[in-house]
Each structure stands twice: as structure tokens, then as C-alpha cells.
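Turn these sequences into a full structure, and let the hints guide you.
There are 2 protein chains.
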Amino acid sequence: MKTLHKPVPPGGTIGIIGGGQLGRMLALAAARLGLKTYIYNDAPDAPAFQVTGQSIAAPYDDLEKLAAFADACDAVTFEFENLPAHAIAHLAEHVPVRPGAQALAITQDRLSEKTFVEKLGLKTAPFFDVTSAGQACEAFGKLGGRGILKTRRFGYDGKGQAKVSSADEAAKAFESFKGAPAILEGFVDFAYEASVVAARGADGGFAAYDPPENDHENHILRRSTVPSRLSAPQVEEAKMIARQIGDALDYVGVFAVELFVAADGALLVNEIAPRVHNTGHWTIEACACSQFEQHIRAVAGWPLGDPVRHADAVMENIIGAEVEAWQSLARTGALHLYGKAESRLGRKMGHITRLKPLTKP
Amino acid sequence: MKTLHKPVPPGGTIGIIGGGQLGRMLALAAARLGLKTYIYNDAPDAPAFQVTGQSIAAPYDDLEKLAAFADACDAVTFEFENLPAHAIAHLAEHVPVRPGAQALAITQDRLSEKTFVEKLGLKTAPFFDVTSAGQACEAFGKLGGRGILKTRRFGYDGKGQAKVSSADEAAKAFESFKGAPAILEGFVDFAYEASVVAARGADGGFAAYDPPENDHENHILRRSTVPSRLSAPQVEEAKMIARQIGDALDYVGVFAVELFVAADGALLVNEIAPRVHNTGHWTIEACACSQFEQHIRAVAGWPLGDPVRHADAVMENIIGAEVEAWQSLARTGALHLYGKAESRLGRKMGHITRLKPLTKP
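Protein sequences appear in the order of chains A and B. If you read the first sequence in our numbering, its first letter stands for residue 1, the second for the next number, and so on. If you read the second sequence in our numbering, its first letter stands for residue 1001, the second for the next number, and so on.
FYI, nobody ran anything at the bench for these hints, they're computed from the structure. Do not rely on the hints blindly, as some may be mistaken.
[Claimed, not checked] Pairs of lysine-lysine residues, derived as BS3-like cross-links and limited to a Cα-Cα distance of at most 27 Å, are as follows:
#  : chain 1 : residue 1 : chain 2 : residue 2
1  : A       : LYS178    : A       : LYS163
2  : B       : LYS1348   : A       : LYS6
3  : A       : LYS123    : A       : LYS239
4  : A       : LYS142    : A       : LYS172
5  : B       : LYS1178   : B       : LYS1123
6  : A       : LYS239    : B       : LYS1356
7  : B       : LYS1239   : A       : LYS356
8  : A       : LYS178    : A       : LYS142
9  : A       : LYS159    : A       : LYS172
10 : A       : LYS159    : A       : LYS348
11 : A       : LYS348    : B       : LYS1006
12 : B       : LYS1178   : B       : LYS1163
13 : B       : LYS1239   : B       : LYS1119
14 : B       : LYS1159   : B       : LYS1172
15 : A       : LYS356    : B       : LYS1356
[Stated by the list, open to error] Covered stretches of chain A (chain B as the covering partner; in silico rule of three or more C-beta atoms under 8 Å from a C-beta of chain B):
#  : region
16 : 6-12
17 : 22-33
18 : 204-216
19 : 277-289
20 : 328-338
Since we're looking at a predicted model, the values are computed, not measured. Note that the Cβ used here is the ideal one computed from N, Cα and C, for glycine as well.
Below you can see the structure in the form of C-alpha cells.
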């Protein structure tokens, strides 16, 4: 049975594990609601440290530091999904941790995630468990076409992924992962990509933002656009997929479901991200309650906010050296910079959102 | 000749003097732009201290502390207009201070402000200089009707004001101010109140938000509504009034011009506030660039943002014990709480903005 907690009152403290741009934007949203934040990051000089009165730099598996951190907070959340399971369990002995260990355990692992999605009756790319080079060959044979070998854990922005078009390539790709368990996924020839960013409250309430259409370049999100090309029934279907997933995970907080939109209009679940998501950044300007505020509301046990959209929006990431153009970017839209000291190749330095009058309500 | 400064680059530090809700919302806006903030407040536990990595509690006339603070900042601004003139001059020796000493000197004093407005050819209530009880009687005689005696400096939310309907009352009111210089203003029988929140950039650029209509209760702002009842030509006139004032003050930053709207449609300048303003809080949700971001852009020497409005909005203040209803308020709009530990009678604890689809673009 689920433990019920009182909402965290104004003046209470939300602990955020991870001090990158997502932690930073979560802290800014918490502040709007009169909540304090305490940021835990494994390195000093984290972007989120600049926007809070309370922060600590310590390893993510330092159980003593985590316990002291948890004791100083009224609820704890995180900006990334790869926290060690035993660290989460440890935190949860001290303070409500949202989303919970179960949701994280399932979504941290591509095999358990895809199996979970399939069991819900939702569509995904075909996938096969791969724990050896031999299994990689075998899986490629079953697939009967091109595929992508992906490590089961710790992949992001295309890391831990390899396209394979022969059994031999599949085996070699597996070997390049140095024994890390993987899955072989069938290549989906999608028309475009979309995502649903949604929230589930501690009371089971649900709120989904309009799904944006997403463009990637070099495996990194370039652009999210709302409204997308999805039809009204597809938008409803996308939101229902998110609702089904949120309910089945007994999820509390914001999560994103990345979707492939097939040529025939079918929506395939690609990935679930148990956190605020880059494809939801446009909600800061286009909605009265952003994905960041929505997540904090859920984590604090508050009622969810209204996800209605008041404008059309295009969000573009600012990657690596692109940030040098900040002055001209500032002229053209709502510029967000993340307070990172150094720009590096492929590093997300900020984003810019451009609003247009609402065309499709 | 005006000194030109380079824009403060991302990663630079904006110093904010005053750590109340305006300083807090300025700091949150600076963070979006990748700027660090350093908050100076005369008491510890200031609301803005919760949202920055750098803060100091020290008196506003501690020149040594102010100098050290200024040296750690790339530009300095403030959330209130009553900083001592010598403190501002001292800061300005170390760092660009925006808005500058001249704009503050004029707007800190009701007599110099009203004289300045009159010289620009703008309409105001009739006003008279009052430095003695005898002058108060005399001024009342010239006024020929009801008036309001106001101290020239340090008044806000109705403090330092008294309605007077006889020469005797005028003299007594002056005496109650204990010798503080005052002005006697003619009572304006306005149809309603409005305001323009506008910004002037370091490059002379100008941007004005749509003027809201404002309702006060017990001399405290209750509600701001956009669009107001102003006609399109009145909206343009209101923005032009702000532009004229901003240019004449060589102003840099956001300021507000409070207006009385007479029954015949005339716009009378009531007050100039040389800072972000309570009647502009709705811009956080209804515009891509809020008044807080706009002010930080101006202070940092960045290009101004687009003040266009994407939704209709009603902003209501949450005053004193009203904050106890935070849970039900959170269900009905974009709730902002200011992180104040105690609610007191008449104290602004937060505000709530409710958006509606755009009706008058």
C-alpha cells in the first residue's frame, strides 16, 4: 500500500539531485511557488548551484551525505534517471522520493522498459535481449533487417548505440560495448518524431501538454515545435499512451514519452524519460504552468497546474559554440542560458523559444 | 557625456540591492539568461537570498560593504527607489548602476517628479509645495477643494498620505508628518487607474507592455487586468507618455508610470516608479519576456525583449493571511509565493495570475 504524505507547505524544501540545466530550471520553478531548494550534485560549480541558497557537492553513492541531505528536505526528486537503485532506496527511508524507485528501475533499463510498454499493449519497435555476441547475431537473424544495438543502461544523446545492418556488425557492436547488456531494436522507418510531456500528481491526477514534433541532429535534439503535424485524434492517442504509462508506473512527477510516428500514422513508443524533458522546454513561455513547475507541484504533493497552451512555439537548443551568438539570439526570442562555464562540442548550453499566436487550440 | 559600457556577458554578475519579492523575481529572471546574481539586503533571511548563490546582509549606507559588493558585480540595480543618493553615487564609482542617480533623484521626490512631469507638458493633478503648516493652509486655499497631503519622500502603499477637506485638516496633516516636506495634491475624480510598465535599453531602445487597469483596496494594489478599458488610441498615448518620460530621464531599465484615467478620457500621470512594478507581474505568464527579464536585459546592456502579450491576464495580489489558502489558490492559476516566513496584515505574500485566450491583440 502506498504511503500518503501531506503536501510540502510553502517555505518547505525540495531536494534536487543533479545540478545541471534541468535541476536549475526545476529550482527556478520551485522558487516561484515559495519553496526552497537544496541541490545535490557530484561536482562543484554546478549550474543549479547559482540559483539556490543551499547546495552540496558529493558523490551520488555517498550514503551518509545522501542521508543528511534527505533529512534537510521535505521531498526529494532528481534531474536524471541513472541514480543507483540502492541510493534511491536509501533516500526513501528518510523522505518521500518522487518519482519512486519502481518507476526508475523500469525506465533505467531499456529491456525492462520495452517489456513493460509491450505488456501494456502499446506499440514499440521489435526488440531482442542481447547478452553475448552470439545472441547479437541470432537476434539480427530474427529481426530480418536493419537494427540498432543499444546498451540497456546509461545511454543518452546517441551514446551506447550503434546502427547495424548485418549479423557480423551486430556482434562487433556488442563487443564494442565491452560486455554491457544490450538490446537489438528493429529500425523504425518513421515519418517523424514526437513526444508527450505529462505529469501525474500524488493524488493520481493527470495532465499532459500538447505533444511537440521533434527534430534531432547527430542524435541530439535540435528543435521542438508545437503544434506538431499530429491530427487531433493522434494528439488524444498520444496523451492516452502517456496516461496509461503514468498510471501503470504509479508515477508521481513529470515524465516524457518519446514517440515514433509511422507513415501510416501509428504511434510507437520509443523511450520513457522519468523526468522533465528537453522537448518540454517550450512550456516555460507557452503555458502558465511549465513542465518544471508541474514537476515541482507533483513532487510537493500540490494540485497539478493547467497544461493548456496559450501560444504556438518553436524551441531550439543552443549547442556548443552556438552560444557565442548570444547577443543576436537574445534579439529573436526567449533566450535561456544554463550558466555553464565552458562550451564543448555537443554540450547543451541553452535554448531559445520563439512564440507565435495560437493557431490550433 | 554618457559612458558606454560593454554588455555584461553570460556568466557575469548582476548586483541587486534589496532582497524582497522584486529582488527575488529579478534574480530568477537573471538566471534564465545565464547571469549570476549577488543580492544585498539590509536584513538576513531575505526572500531573494533563497534564489541566489551569493548574498550579503548589511546596512544600505555601509559604504565599505557597498564598495566590496559593487566590485564583485558587473552591473548593479535595485528593487526599490529609496536608496540614499550618496550610496548610489558611491556605487557608481565602482560599477555601472542602472537606472542612474539622476532618474532616482527625480523620482524619489514627489515635488521634483511632478515638476519634471509638468515640464514635459504631461497632465498631472494640481500640486503645491508644502514645507510648513501655514503653507499647507495657503495651498489648500489655492486648490479650492479636496486634496491629499503627501510626504515628498519614502511614501508607498498609502503611507505618508492624508486626505484633507479643509485648510485646518491640511495644517494638522502636515504637523502629523513631523516636519517632513510635503506636497498638497488636488483630488482627482478619476474613472479608473491604469499603468504603463515600460523599459528603456542602454542603447536608447524602448519597449512598453500593454497598460493594465488597476484596482486598489486600502491603498494596496488588489488586481491588474489586461486588456484594460483603454481604447487603442489611449493605449498608444499611454505608451507615448512612458516613452517621453524614459527618454527625458535618460533611463535604463524598467519603470512604471501610474495613470489616472479621467471621465473625459484624459490620462494624468500620478506617479513614476523607477523599478519593476507590481502592476507588471502578469507579464511573467502573458509575455515571452517578463518585466523582470526586461529589466535585467536593460541593466546588463542586452537588447530588449519583445513585450508582446500572448494572452489576456488578471493578476491578483495575495495579501496577509490570504496566503493560508495557498492550496486552493494553486488549483486556479499561476501561483507565485515570495518565500516570506511570516504573513502580516497588509504584507504582500504572493500573487496569482490567471490567463485567458487573447481577445484584443
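Taking the hints in turn, this is what the structure says about them:
For the given pair, LYS178/A sits about 17 Å from LYS163/A by alpha-carbon distance, which is consistent with the 27 Å threshold. Note on LYS1348/B and LYS6/A: the hinted pairing holds, with a Cα-Cα distance of about 26 Å set against a maximum of 27 Å. Distance hint between LYS123/A and LYS239/A is fulfilled; the C-alpha atoms sit about 14 Å from each other, no more than 27 Å. Among the hinted pairs, LYS142/A with LYS172/A is consistent with the structure: their alpha-carbon atoms are about 17 Å apart, no more than 27 Å.
Only pairs whose Cα atoms come within 27 Å are accepted, and LYS1178/B paired with LYS1123/B is rejected, the gap being roughly 30 Å. Straight-line distance between C-alpha atoms of LYS239/A and LYS1356/B comes to about 23 Å, which keeps the hinted pair within the 27 Å bound. Proximity of LYS1239/B to LYS356/A is assessed by CA-CA distance (about 23 Å); at most 27 Å being required, the pair is judged to hold. At most 27 Å may separate the alpha-carbon atoms for a hinted pair to count; LYS178/A and LYS142/A meet this at roughly 23 Å.
For the given pair, LYS159/A sits about 16 Å from LYS172/A by alpha-carbon distance, which is consistent with the 27 Å threshold. Of the pairs offered as hints, the one joining LYS159/A and LYS348/A holds, with about 15 Å between alpha carbons and a cut-off of 27 Å not exceeded. With a C-alpha separation of about 26 Å, the suggested pairing of LYS348/A with LYS1006/B holds against the 27 Å cut-off. For a cut-off of 27 Å, the pair hint linking LYS1178/B to LYS1163/B stands: about 17 Å separates their Cα positions.
Proposed proximity of LYS1239/B and LYS1119/B is supported: the alpha carbons are some 18 Å apart, at most 27 Å. In summary, the hint linking LYS1159/B to LYS1172/B is supported, as the alpha carbons are separated by about 16 Å, within the 27 Å threshold. With a C-alpha separation of about 16 Å, the suggested pairing of LYS356/A with LYS1356/B holds against the 27 Å cut-off. Note: the region 6-12 of chain A has 4 residues with beta-carbon separation from chain B under 8 Å; the three-residue rule is met and the coverage holds.
Counting residues of the region 22-33 of chain A whose beta carbon lies closer than 8 Å to any beta carbon of chain B gives 6, which reaches the threshold of three, so the coverage claim holds. Under a criterion of three residues with beta carbons nearer than 8 Å to beta carbons of chain B, the stated coverage of the region 204-216 of chain A fails, only 0 such residues being counted. Coverage of the region 277-289 of chain A by chain B holds. Counting CB-CB distances below 8 Å, 4 residues qualify, and the rule asks for three or more. Beta-carbon proximity to chain B at under 8 Å applies to 8 residues in the region 328-338 of chain A; the threshold of 3 is reached and the given coverage holds.
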